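Protein chains: 4
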Amino acid sequence: MISVGIVGGTGYTGAELLRLLALHPQARVELITSRTEQGLRVADLYPAFRGCYDLTFEAPDADRLAACDIVFFATPHGVAMELVPTLIERGTRVIDLSADFRLDDITSWENWYGQPHTCPELQKQAVYGLPELNAEAISKAQLVAAPGCYPTAVTLGFLPLLRSGVLASHDLIANAASGVSGAGRQAKVDNLFAELNDSFKAYGVSGHRHLPEIEQVLGAAAGEPVSLTFVPHLLPIIRGIHATLYASVAAQADQLQAIFEDFYAASPFVDVLPAGQLPQTRSVKGSNGCRIAVSLPQNRGKAVICSAIDNLVKGASGQAVQCMNIMLGLSETVGLDAIALTP
Amino acid sequence: MISVGIVGGTGYTGAELLRLLALHPQARVELITSRTEQGLRVADLYPAFRGCYDLTFEAPDADRLAACDIVFFATPHGVAMELVPTLIERGTRVIDLSADFRLDDITSWENWYGQPHTCPELQKQAVYGLPELNAEAISKAQLVAAPGCYPTAVTLGFLPLLRSGVLASHDLIANAASGVSGAGRQAKVDNLFAELNDSFKAYGVSGHRHLPEIEQVLGAAAGEPVSLTFVPHLLPIIRGIHATLYASVAAQADQLQAIFEDFYAASPFVDVLPAGQLPQTRSVKGSNGCRIAVSLPQNRGKAVICSAIDNLVKGASGQAVQCMNIMLGLSETVGLDAIALTP
Amino acid sequence: MISVGIVGGTGYTGAELLRLLALHPQARVELITSRTEQGLRVADLYPAFRGCYDLTFEAPDADRLAACDIVFFATPHGVAMELVPTLIERGTRVIDLSADFRLDDITSWENWYGQPHTCPELQKQAVYGLPELNAEAISKAQLVAAPGCYPTAVTLGFLPLLRSGVLASHDLIANAASGVSGAGRQAKVDNLFAELNDSFKAYGVSGHRHLPEIEQVLGAAAGEPVSLTFVPHLLPIIRGIHATLYASVAAQADQLQAIFEDFYAASPFVDVLPAGQLPQTRSVKGSNGCRIAVSLPQNRGKAVICSAIDNLVKGASGQAVQCMNIMLGLSETVGLDAIALTP
Amino acid sequence: MISVGIVGGTGYTGAELLRLLALHPQARVELITSRTEQGLRVADLYPAFRGCYDLTFEAPDADRLAACDIVFFATPHGVAMELVPTLIERGTRVIDLSADFRLDDITSWENWYGQPHTCPELQKQAVYGLPELNAEAISKAQLVAAPGCYPTAVTLGFLPLLRSGVLASHDLIANAASGVSGAGRQAKVDNLFAELNDSFKAYGVSGHRHLPEIEQVLGAAAGEPVSLTFVPHLLPIIRGIHATLYASVAAQADQLQAIFEDFYAASPFVDVLPAGQLPQTRSVKGSNGCRIAVSLPQNRGKAVICSAIDNLVKGASGQAVQCMNIMLGLSETVGLDAIALTP
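Chains as they are written, first to last, in the working numbering: chain A, 12 to 354; chain B, 12 to 354; chain C, 12 to 354; chain D, 12 to 354.
Here chain A stands alone, though its shape is the one from the complex:
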């Protein structure tokens, strides 16, 4: 049985790791930390875990964490980079769900996240944890930087085009919408039910931290820089990201369909829908799937790709477990076979 530690378990991605790992046949969560809630039973914070977990939040302790086979960081940015170096040094494998190790360009990271990066040297060995792109590297990694939620939905939608040579331009548009759980579990007026329900809005139009991450990954995949216009929106739902992507292409609709189907033929979690079908977020709610549809409206040379994930699963904790499976030589899908909760 693989022993798992979770650092920062009070947020939604921490809770989702608990939910997913509870049913993992080969891993067990041995310890979970929280500075603010130490001493509180997990089941008292999250009643859904009553009868399932007997864990209590504890203060993070390097020795206890290092003794785990694998440690997940489900912390705000800036936390993992303080503790990860010690764990890496002791040989513990780490999957960081925060943004600390996602950007190769340290200066860019420091600009977007507004603080100095304390271990730039570790960044060099971090592997970007998108299994559909990087499975081989993930399998050997000691430190995996799990992708952001928007970057997962957007990158999976653009990748086949970038790799296929049909793009007429590297000027891309990603119009994405996320459920509110992506904003985390902080007490902010902006995230109150009465502020968000029954409404919809764009945010972060001038610049969102996921922009450089997406451009880095897409640029690397394309072999040349891409320029992305990225506009995130906030949906009055808890879970789910839907990305609507626009790209100029030199290809017919059936070619595009074939490009996508071929690209993801061996990916168990990415489902390319038949031509004419479109994804909806509920059909991946609670599951690790990503559903993608590609269209060429009115045959005008502008491809529209729709991509849907559950931001807490494929966009965060599920993808992290998928990485763990790969790192440990297990089948990618172990513990991740739950079907979306519909209706």
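Please keep in mind that the hints were generated in silico from the structure rather than gathered at the bench. Please read these numbers as outputs of a predicted model, since none were measured by experiment. Watch out, some of these pointers could steer you wrong.
Any copy, or any two copies together, can satisfy a pair, since identical chains are not distinguished.
Stated by the list, open to error - The calculated DMTMM-like cross-link candidates involving lysine to aspartate or glutamate, where the alpha carbons are at most 25 Å apart (straight line), are:
| id | residue 1 | residue 2 |
| --- | --- | --- |
| 1 | K199 | E48 |
| 2 | K212 | D72 |
| 3 | K135 | D348 |
| 4 | K212 | E272 |
| 5 | K151 | E93 |
| 6 | K212 | D116 |
| 7 | K151 | D80 |
| 8 | K212 | D348 |
| 9 | K135 | E226 |
| 10 | K212 | D55 |
| 11 | K212 | E48 |
| 12 | K313 | E226 |
| 13 | K212 | D282 |
| 14 | K151 | E69 |
| 15 | K313 | D201 |
| 16 | K151 | D55 |
| 17 | K212 | E143 |
| 18 | K212 | D265 |
| 19 | K212 | E121 |
| 20 | K212 | D201 |
Using the hints, position chains B, C and D against chain A.
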């Protein structure tokens, strides 16, 4: 591997059976029927099942159904009673999720459901499928009538009181609220999103079909008739029933707490919350659990019991699978260990 | 033109006063205060008021407030009682939407609100601002205590029974559910969208501050004490309260219907629905109406009354404006004729 | 007092006309028709109108309609064109909220709407009812074709750019999302609460009927054809459209801001937000406003315009009333001054 047939699989309880049985290690759905959708692939009606089920809806055929180890009816009332007699005769075990075999009093059934009952003799051998009440009888039954959604939430909440002798009166009140999936998947203006979202209302105040069902079960448990005032309400959520129950008692709060904890000590799916905690529907969403809290506000002799279930799981398909497990000698919890989807 | 001041205008009841008074033909908001947001333009906090109000939040100043014809307090409890005495002394009329002057029994107030009451003598002259009960007194009052949201819905539902002599017992039950705006605009994890959407729960079962308020009003109306079991619930909607009330009666259904219709025959905002219809919160959303239905399910002597209001309008700011109209000798309905926003 | 007739009053745009006109000081709804609901009281179909309207749905009668000063058609497409010619002949002024008279190109109309157009000659005199574009023509029109909901939000967002000469390309993208009320009040499984809540999806990607309408209006405004990629999405809210528009421009951010502010300086219902603010649908809920923000993310030459309206008000019935005001020589804003319902 147990072979399962589902009659009437296009509705929400049929879809939920598919979702739950997909992960059941010892059962496999071999056939699913629908008169209206025959020839349609299940995954085309419910995209969430893409990659999981390769089944196609077929017309109901007695021979093919009788060849299954167990057949679930997820049909509107009035359908099962036409087909069940043949299956029973051939030795197939049946779990009916509809109302056809829930009421012992055939005249009452015919009054409430507005049609003649076509096999009253079978009613005599039907076992009411509430495992917390009837596990022994269910294990031997050939025909199980799975309880209604409201009756499950209400009955589980009142049972410990009825059996304990602390009730000061058999005049009971059940104020319950259900998610919209309980209304099924019929095209009705009343159930449109724009009619129900952002609103709340009572319905069926003058009389709801679940009233005689609840009174029958509670009366049998009490050993004398009970009179229930039952008011259902419609919540702008998809899944979940919350029942708030009122009863006059001659007992102190800690006695009540002990009565509930003792009563459900051996029930894996009923969770009596510690004094002072209250259930919420989200903490059972997608799970087979029922969470119950008992209070005695202001020590005035009026007990308030809150009971929460997912109407599609413990209130329908999950409870039916639980019955199947018991009928087949499996552990009650096999395939039903998923944790609620929170947030 | 009547000059209006609002103390504590950043919360939802303050914003609702602004929305309603913007269209009032005979009143104008001259100043609005907020300690925390002074200097902020109202339209920057609430973009819905762009182009409508040019006000800026200012620090509360007794002189400026006293110069208004009428001052509303839309503050948390404990604030009004500090400032109201000065205004009363100077002859300004005051409508307090908070709880400070609602309870006649000061000891009870101090127990339920957990702090000393600083001006018990003023309590004696405060008039409880439920126009359907107290219009005459309100018209002459200098200090009106606007009722709580739950007390409005519950009291309007019980009043006709209490006054009619058909009650078989003074043991009453009020099962009520409120939209989230009732919880105010504070940054609390419990009120986040991701915590409340798609769920439903009871809260405050052991004791809610509106209990003594309701019992006081109902007891006064009945001429003898009543005992209420009051269970509030939280709905995943922003606006709306629905109360389902239970009472034992010695009367037939048509008698009950007549009692309610007669009682509210002259009340422009209380609409007794025809027998067989039931209210829904959306049909009062944004309006000052209260819709009430009375039933006698199965003719068993237990009356069920359903009562629906918008908690921010009839349950708070609309009712306060209704009181203002009465105090100023205007028609009760001036500025309050907006129709509910449906769908 | 202007006498108003409404044809097809059972749908949501019909109900919204009733809601808005109830408070219009110079217009009164004299008759409302419905073939399916004739004989039903309006207040029985829409309880929100209890106490406000005493109208009963009647069968459409040309004489009675022709006697009105103005007739609104709130019908599905294909209905108005049968009855409008008679009314026009008799001199009655008509505002058609359906699509029958929106497209100048009759062949295009017949292709997109899949039926023959029965009065192409009338199309020539129909005026497209977007007041911000066509106020002069509307004031003299006998037949006004009120714009579609998406076309209103999209056109208002693009117009200033098209007229300003800063567009670097006429290749435009409109990514729009609508509340469910836009789908109407038909009994369809796809529009059930349990199918749409807690989810989000694109639809009509291959081609939506509002595409030719938008391209026609934008092309006319630009003086040359534009090519639009238009992707609508369905939001789990009842009211509201948010359009996110993308266009390549040769201009700086402050120029863009000035272009928008100047363009709408005299438009009472279009509110250009200050730089840095973004609209949300709730801040126009129930109001006739359109809120627009223009951004130039990362200064990369790609303008992003966000535009929000209430699809039932500015996107349908409110805009129709605005047109009526203009046609009758009233101030544009009469009866349309309600503030958005927030929260």
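Checked hints:
Proximity of K199 to E48 under the C-alpha cut-off of 25 Å is found in both arrangements, the shortest distances being 18 Å within a copy and 16 Å between copies. In the homo-oligomer, the alpha carbons of K212 and D72 never lie at most 25 Å apart, since the shortest distance is 41 Å inside one protomer and 37 Å across protomers. Within a single copy, K135 and D348 get their C-alpha atoms no closer than 33 Å, and across copies no closer than 41 Å, so neither meets the 25 Å cut-off. Within a single copy, K212 and E272 get their C-alpha atoms only as close as 33 Å, which misses the 25 Å cut-off; across copies the closest is 21 Å, which meets it.
Taking identical chains as interchangeable, the C-alpha atoms of K151 and E93 lie at most 25 Å apart only when both belong to the same chain, with a minimum of 23 Å there against 60 Å between chains. In this assembly of identical chains, the alpha carbons of K212 and D116 never lie at most 25 Å apart, being 31 Å within a copy and 35 Å across copies at closest. Taking the shortest Cα distances, K151 and D80 sit within 25 Å of each other inside one copy (14 Å), while across copies they are farther apart (47 Å). Taking the closest pair of Cα atoms, K212 and D348 come within 25 Å of each other only across two copies (23 Å); inside a single copy the shortest separation is 33 Å, beyond that limit.
In this assembly of identical chains, the alpha carbons of K135 and E226 lie at most 25 Å apart only when taken from the same copy (18 Å versus 50 Å across copies). Taking the closest pair of Cα atoms, K212 and D55 come within 25 Å of each other only across two copies (16 Å); inside a single copy the shortest separation is 34 Å, beyond that limit. Taking the shortest Cα distances, K212 and E48 sit within 25 Å of each other only across copies (24 Å), while inside one copy they are farther apart (33 Å). In this assembly of identical chains, the alpha carbons of K313 and E226 lie at most 25 Å apart whether taken from the same copy (20 Å) or from different copies (16 Å).
For the identical chains of this complex, K212 and D282 are inter-copy neighbours only, at 16 Å across copies versus 28 Å inside a copy, given an alpha-carbon limit of 25 Å. Taking the shortest Cα distances, K151 and E69 never come within 25 Å of each other, neither inside one copy (30 Å) nor across copies (48 Å). For the homomeric pair K313 and D201, neither the shortest alpha-carbon distance inside one copy (36 Å) nor that between copies (28 Å) is at most 25 Å. In this assembly of identical chains, K151 and D55 lie within 25 Å of each other by CA distance neither inside one copy nor across copies; the values are 37 Å within and 39 Å between.
Only between protomers do K212 and E143 lie at most 25 Å apart by alpha-carbon distance; the minimum there is 23 Å, versus 31 Å within a single protomer. Proximity of K212 and D265 under a CA criterion of 25 Å is satisfied inter-copy only: 22 Å between copies versus 34 Å inside one chain copy. Taking the closest pair of Cα atoms, K212 and E121 never come within 25 Å of each other, the shortest separation being 28 Å inside a single copy and 35 Å across copies. Taking the closest pair of Cα atoms, K212 and D201 come within 25 Å of each other both inside a single copy (12 Å) and across two copies (23 Å).
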